[in-house]
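Protein chains in written order, with our numbering: chain A, 40 to 335; chain B, 34 to 348.
Hints are not guaranteed to be accurate.
So the derived list for chain B, only partly shown, Cβ under 7 Å to chain A, looks like this [unchecked claim]:
(1) Tyr-155
(2) Gly-159
(3) Gly-162
Honestly, the hints are just simulated from the structure, not real lab data.
Note that beta-carbon positions come from the ideal geometry of N, C-alpha and C, so glycine has one too.
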Amino acid sequence: MDYITFDLLAQLLVNGILFGTSYGLAAIGLSLIFGTMRIIFLSQGTIIILMAYFCYSLFASLTIDPYVSILILFPGSLLLGAGIYNLLFRKAAAIEDKNISLLIAVGLMFLLENLMATIWSSDPVSIKTDYTAFGIQFVGLRISFTRLIGFVMAVISTIGVTLFLKKTLVGKAVRAASKDMEATTLMGITPHRVNGVAFAIGIGLSAIAGIALATTYSFDPYFGFIFSLKAMIALALGGMGSVAGALLGGIILGVIESVAAFFISSGWADAVSYGVFLLVLMFRPEGLFVRSVKKA
Amino acid sequence: MKAKDRTTIGIVIASTLLLALVPFILDTEKSFIVYFLFLSFCLIVMTQGWNLVAGYTGQISLGQHAFFGLGAYATAMIWHYDLLLGMTYYFNPVVMILSGLVAAIFAVAIGIPLLSKLHGDYFALGTLGFGEIIKVVFIKGGALTKGPIGIMLPSGVYSTLKPHYWTALFLALLATAVVYYMSRSRIGLALVAIREDEIAAEAKGINSLKYKVLAFAVNAFLVGVCGSLYAFYLFHVNPEGFLILKWTLYPIIMCVMGGSGTIIGPVIGVFLMNSVFSYANIYFPAIHPIMSGIIIILIMLFLPKGLARIKKRAL
């Protein structure tokens, strides 16, 4: 096995980290929504793909640079998130049985996937800009420019969300609600408001993840569900309810996939990541980075 | 036996006989209704299986497609590799029961660790992970499972859809009866107690793991036998046809829509949603999944408890 060099391992690691951040971004969204609503929002990945398509259309028809389109897509998706909550989940959130919210999310996923397939066709698309092929050489490593920007965007968003949750009053209300919704309600906080905020930010992050995805990979309407699954694994690795943990979980998953794809084969990489996921669920259900050993 | 029970039994027997006569009236090879009913019966089996695990026991399984695929692959491999040494494999009940048992054994093997350690959403996620692993294993199985292409069975033995139709009808009845009798017995009481409050159930001396694994295994058996039957229909067992999430999501949608935790709910849900899906598929093929998505959302928004509970009384 003399073909395995330090450079190669480092390259695998870097690729994994850069790709994993997009899982991490999706996982943060899932984590926020799970925190207040107690549901796995399965359409998260599909909404990320929807945002990637918006980014693609803005670029293809209006020649708006993908990174400039954040200015349009991020505020738009915050509104979209609040809208989705108020239109679809407001009633279901009050019901004890969480299957209903879960099924609404499944219905939304069906709807969006096929809407996208009708509008943009189900053939994969990708965005080709002047800088898509551009890469940076760094001590023997080749780092793609667009992936690096994606990584930076993910880190900035993570810091942004953390600051929002820690420093603002609304953010504190969201955190309180994910600890104990009943007690939070008794303190005079409306559940619908915190749920709406969690949804808005979750979907807002999917705009950033969508742009990061659209600039680096080709995508099709049905990729979203796999993306949701991966985000869920990242969430389980990082632990529910921790923003930085979710990002780290995504990065770990990215590294596992990149290493497994190289050493075993790309098909088995999925099985390896699900295997790790099962092991983590069994032995550390609170996530890898949470110190308290409270049973879920 | 009360008069009401007698009427119910009468209705069940009459409608079963009526359904059993359908292949004599309609041309089984051309009529869409026959195919529609066959598919509905298969879906009832799977929906009742999920109903037992989720509706009665409160454990959401998202790995149903793995059991469906395991059943189908078991049948395909027994047949393809001639494991029963020269018997006729087509519609051999031994093969079908063995296929169900394979799925049930897997359910016990993963059910014991998952159900003892994971609760609620975590169990759902764990079964989803199990399903995806099984899928990758079959895709990457090499010469044994024929990889992504799957196993082709000799389709020359096919002559008519009639045996499929009657077997599916029988299995649908069997699954419904199994869920009915389990829910009316001591086992059913234990299952519902676990659903309502697992810790309280344990405190009353119920071995919750034993009952949860039992429900999970019975579910896997039913779904596995159904997978075996579907393999006899398609003659081509591949990951793309059997190990897809559709076989988990459709039964869940139908069960919740009809009313999970009731006997009649899954049956109503299957017939309703299968009609909607089939109708949309024929008349609006392009927008069919879009419409199905809207319908799922609308029913969940306005009838969250399922159709069977409209009258406030579970049958």
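Now for the hints, and whether the structure bears them out:
no.	hint	result
1	Tyr-155	holds (6 Å)
2	Gly-159	holds (5 Å)
3	Gly-162	holds (4 Å)
Of the numbered hints listed earlier, not one is contradicted by the structure.
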